[in-house]
Amino acid sequence: MTVTEDETRDLEADFERTVAAEGRIEPRDWMPEGYRKTLIRQIAQHAHSEIIGMQPEGNWILRAPSLRRKAILLAKVQDEAGHGLYLYSATETLGVDRAELTEKLIDAKQKYSSIFNYPTLTFADIGVIGWLVDGAAICNQVPLCRSSYGPYARAMVRICKEESFHQRQGFELLRTLMAGTDAQRAMVQDAVDRWWWPSLMMFGPADGDSPNTQQSMAWRIKRHTNDELRQRYVDMTVPQAAALGVTLPDPELRWNDELQAHDFGAIDWDEFAQVVKGAGPCNAQRLANRRAAHEDGQWVRDAAAAYAAKRAHQEVPAA
Amino acid sequence: MHSHDETDDENVYDALASADDDGRWAFGTGFDAGTAEIDAPVPEGVDRDDLATYCLMLADDALVASQRLAGWTTKAPELEEEVALANIALDLLGQARVLLARAGHLGAAEPFRVGPQDDEDVLAYFRDDRAFRNVTLVEIDLGDFAQTVAWILVLASWRLALLQRLTGSRDPVLAAVAGKAVKELTYHRDYAAQWVLRLGDGTPLSHARMQAGLEAVWPFVEELFTAHAVERRLVDAGVAVDPTELRGEVEAVLDQVLPAATLTRPDRAAVGLVGGRGGRDGVHTEALGPVLAVMQSLARAHPEATW
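Residue numbers (our numbering), protein chains in the order written: chain S, 66 to 384; chain X, 341 to 647.
By construction, these hints were calculated from the structure, which means they are not laboratory data.
Careful: at least some of the hints might be erroneous.
With beta-carbon atoms standing in for the labels, derived distance ranges [unchecked claim]:
no.: 1; chain 1: S; residue 1: L324; chain 2: X; residue 2: D468; range: 56 to 62 Å
no.: 2; chain 1: X; residue 1: T526; chain 2: S; residue 2: A331; range: 56 to 62 Å
no.: 3; chain 1: X; residue 1: A627; chain 2: S; residue 2: A271; range: 49 to 55 Å
no.: 4; chain 1: X; residue 1: P451; chain 2: S; residue 2: P184; range: 33 to 39 Å
no.: 5; chain 1: S; residue 1: A307; chain 2: X; residue 2: A552; range: 53 to 59 Å
Within a straight-line C-alpha distance of at most 30 Å, the following computed DSBU-like cross-link-like pairs (lysine-lysine) qualify [claimed, not checked]:
no.: 6; chain 1: S; residue 1: K342; chain 2: S; residue 2: K375
no.: 7; chain 1: X; residue 1: K523; chain 2: S; residue 2: K226
no.: 8; chain 1: X; residue 1: K415; chain 2: S; residue 2: K226
no.: 9; chain 1: S; residue 1: K169; chain 2: S; residue 2: K102
no.: 10; chain 1: S; residue 1: K226; chain 2: S; residue 2: K375
no.: 11; chain 1: S; residue 1: K226; chain 2: X; residue 2: K520
no.: 12; chain 1: S; residue 1: K375; chain 2: S; residue 2: K174
no.: 13; chain 1: S; residue 1: K174; chain 2: S; residue 2: K342
no.: 14; chain 1: S; residue 1: K375; chain 2: X; residue 2: K520
no.: 15; chain 1: S; residue 1: K176; chain 2: X; residue 2: K415
no.: 16; chain 1: X; residue 1: K415; chain 2: S; residue 2: K342
no.: 17; chain 1: S; residue 1: K176; chain 2: S; residue 2: K102
no.: 18; chain 1: S; residue 1: K176; chain 2: S; residue 2: K342
no.: 19; chain 1: X; residue 1: K523; chain 2: X; residue 2: K415
no.: 20; chain 1: S; residue 1: K174; chain 2: X; residue 2: K523
no.: 21; chain 1: S; residue 1: K375; chain 2: S; residue 2: K102
no.: 22; chain 1: S; residue 1: K169; chain 2: X; residue 2: K415
Chain S residues, not near chain X, derived (Cβ > 10 Å throughout) [to be verified]:
no.: 23; residue: P97
no.: 24; residue: Y153
no.: 25; residue: S281
no.: 26; residue: N321
no.: 27; residue: A344
no.: 28; residue: D361
no.: 29; residue: A369
Owing to the predicted nature of the structure, the values given are computational and were not obtained by experimental measurement.
Every residue gets a Cβ at the ideal spot worked out from N, C-alpha and C, and that includes glycine.
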């Protein structure tokens, strides 16, 4: 059965009405092709970020300096694998599968958050990733719990709860280190100095340079602009930095009484462009590791499929 | 038309911005030893040092195994396996932590204390490999995924048989740890058995790798059924389990799984001991040193620090 042009117009009008009324679009509902593609791109990018994000933190699991910190970190990295799983499942409701998206990731045809292309050089980086990187991720993700696409919005509710738990854990680690030795305090400040600017870049290009924002906001996939979210993150983080006793590495950062918000310095967009383009400190390493895990696991996945096929065959009654 | 839920952006942001009550959020604070406290008295007629050593043996098995499994992070063949292997590593780490705390309470940490760390961390991070009491099976390189699941199958079947019996120990902490661990180990064994079946009876390649993985693990199995003098004394005192009694149960599991997976039981000699001494005496393979060097490096670089 083919859908006529008139029918398409009706479906499109229904879709627009549902979205405008803050309703949810579900997998079986009609949706414009551009909406489907935008969602696949955004959710896949988010799923890939969870999976690649396991690497910088995983770097410290074997060396975590106390058993409690080891348990926390291992559980956190495990949660990220879980987030990747639900997000890939959400993309499956849009008609793509995990294997196809994984291929696109390792062929560098789809992106992931550029923040994970920075190295974790000390254990304080684990705390700072929790505090700043998860903090920025939450600012980005909380509004997505109201995204117009139902499966994505529901996945985000669960993910945001776990992310906020991770952010608290990161902050708690940093508080412990700041109350510790001089070497531990220096480690925290060094980590803050390295992660602050990349964390601001997590919100993406400035509004004037963000080509997809307007359409995504009209479709209620996205709820706030990049710059609005970035400002919210800065305003939320400044008092937390003061509570910790660390300095954010920006001499222009100050409260603007008139705007009731913080002014902050210019972001190095050239560095951001470099990292997005694939030339950040760890891009090649992250993709090579993901590719190795995927390719080294092929024989295992093949075996599981062969075993399942044999069992299915055995269950067919003899004719 | 579907209505959206009551997620309120502003409240979530506000809650995240407040920096108090962090303790509430810290995963893994305190211990869960079931019903018994770490500081329960030593049962009458039991030697305190023997009990501490036995706690270390069971703790070190779990700690080193957990460290090895954690090495799979970001390398597993599928995301479901990432989650499952991390789960097993976390369960074992949890078992190790309670047992180390109990050993510490019994005085085992004192010879190694250099700073302000808790007993569990003194024992995990400031003890050299010669003072680790684990069986050597847990310290070997895990090889590929097939060898890893063979290793989990053997380790979990053995530890399950051991801890099932330990639930009747006269030491209340050991009994409580065992009671909680039995459920965990049952899952680990079943997870591994499922994969041994899939890989053994999957493709010709996976079959060959599964058989090779089993062969690589096999020489370390005999040690699991060898009793150390400390274990023998504590068996007599009603506290420990005699490992020689576990052989039948572990073999029954393997006899069920291996033929179903079209695998053959390896015919390989056990690894030799050094002057009759093995892992339980602190005489290990060359593999343990590097595992501990990685695990302990940061903690030892800051002996005056807590984390």
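Results of checking the hints against the structure:
The hint said 56 to 62 Å for the Cβ distance between L324/S and D468/X, and at roughly 59 Å that hint holds. Judged by the Cβ atoms, the range 56 to 62 Å given for T526/X and A331/S holds: they are separated by roughly 58 Å. Taking the beta carbon of each, A627/X and A271/S are about 52 Å apart, inside 49 to 55 Å as hinted. Separated by about 38 Å at the C-beta atoms, P451/X and P184/S satisfy the suggested range of 33 to 39 Å.
For A307/S paired with A552/X, a C-beta distance near 58 Å keeps the hint of 53 to 59 Å intact. With a CA separation close to 45 Å, the supplied pair K342/S and K375/S exceeds the 30 Å bound. For a cut-off of 30 Å, the pair hint linking K523/X to K226/S stands: about 28 Å separates their Cα positions. Between K415/X and K226/S the CA atoms are separated by roughly 26 Å; this keeps the pair inside 30 Å, and the hint holds.
This hinted pair checks out: K169/S and K102/S have alpha carbons roughly 14 Å apart, not beyond 30 Å. Between K226/S and K375/S the CA atoms are separated by roughly 41 Å; this puts the pair beyond 30 Å, and the hint is violated. Restraint check for K226/S and K520/X: the C-alpha separation of about 27 Å stays at or below 30 Å, so the hint holds. For the suggested pair K375/S and K174/S, the alpha carbons sit about 35 Å apart, so the restraint of at most 30 Å is broken.
For the suggested pair K174/S and K342/S, the alpha carbons sit about 11 Å apart, so the restraint of at most 30 Å is met. About 37 Å separates the Cα atoms of K375/S and K520/X, which puts this hinted pair outside 30 Å; it is violated. Taken as a hint, the K176/S and K415/X pair is honoured in the structure, with Cα atoms around 20 Å apart against an allowance of 30 Å. Restraint check: the Cα-Cα separation between K415/X and K342/S comes to about 25 Å, which is no more than 30 Å; the hinted pair holds.
A threshold of 30 Å between alpha carbons decides the hint, and for K176/S with K102/S the separation of about 14 Å falls inside it, so the pair holds. Of the supplied pair hints, the one linking K176/S and K342/S holds, its CA atoms being roughly 9 Å apart against a limit of 30 Å. Distance check on the hinted pair: K523/X and K415/X sit about 27 Å apart at the alpha-carbon level, within 30 Å; holds. With a CA separation close to 43 Å, the supplied pair K174/S and K523/X exceeds the 30 Å bound.
Proposed proximity of K375/S and K102/S is contradicted: the alpha carbons are some 37 Å apart, above 30 Å. The suggested pairing of K169/S with K415/X holds, with an alpha-carbon distance near 18 Å, which does not exceed 30 Å. Distance to chain X confirms P97/S as a non-interface residue, since its nearest Cβ pair spans about 18 Å, more than 10 Å. Residue-level check failed: Y153/S sits 8 Å from the nearest beta carbon of chain X, not beyond 10 Å.
For S281/S, the non-interface assignment is confirmed: its Cβ lies about 17 Å from the closest Cβ of chain X, beyond the 10 Å cut-off. With a closest Cβ-Cβ approach of about 18 Å to chain X, N321/S is found to remain outside the 10 Å limit, as its non-interface label requires. With a closest Cβ-Cβ approach of about 22 Å to chain X, A344/S is found to remain outside the 10 Å limit, as its non-interface label requires. The Cβ of D361/S sits about 7 Å from the closest Cβ of chain X, inside the 10 Å cut-off, so the non-interface label is violated.
Its closest Cβ contact with chain X, about 5 Å, brings A369/S to no more than 10 Å, contrary to its assignment away from the interface.
Figure legend: structure checked against the earlier numbered hints; hints not met, in rising order: 6, 10, 12, 14, 20, 21, 24, 28, 29.
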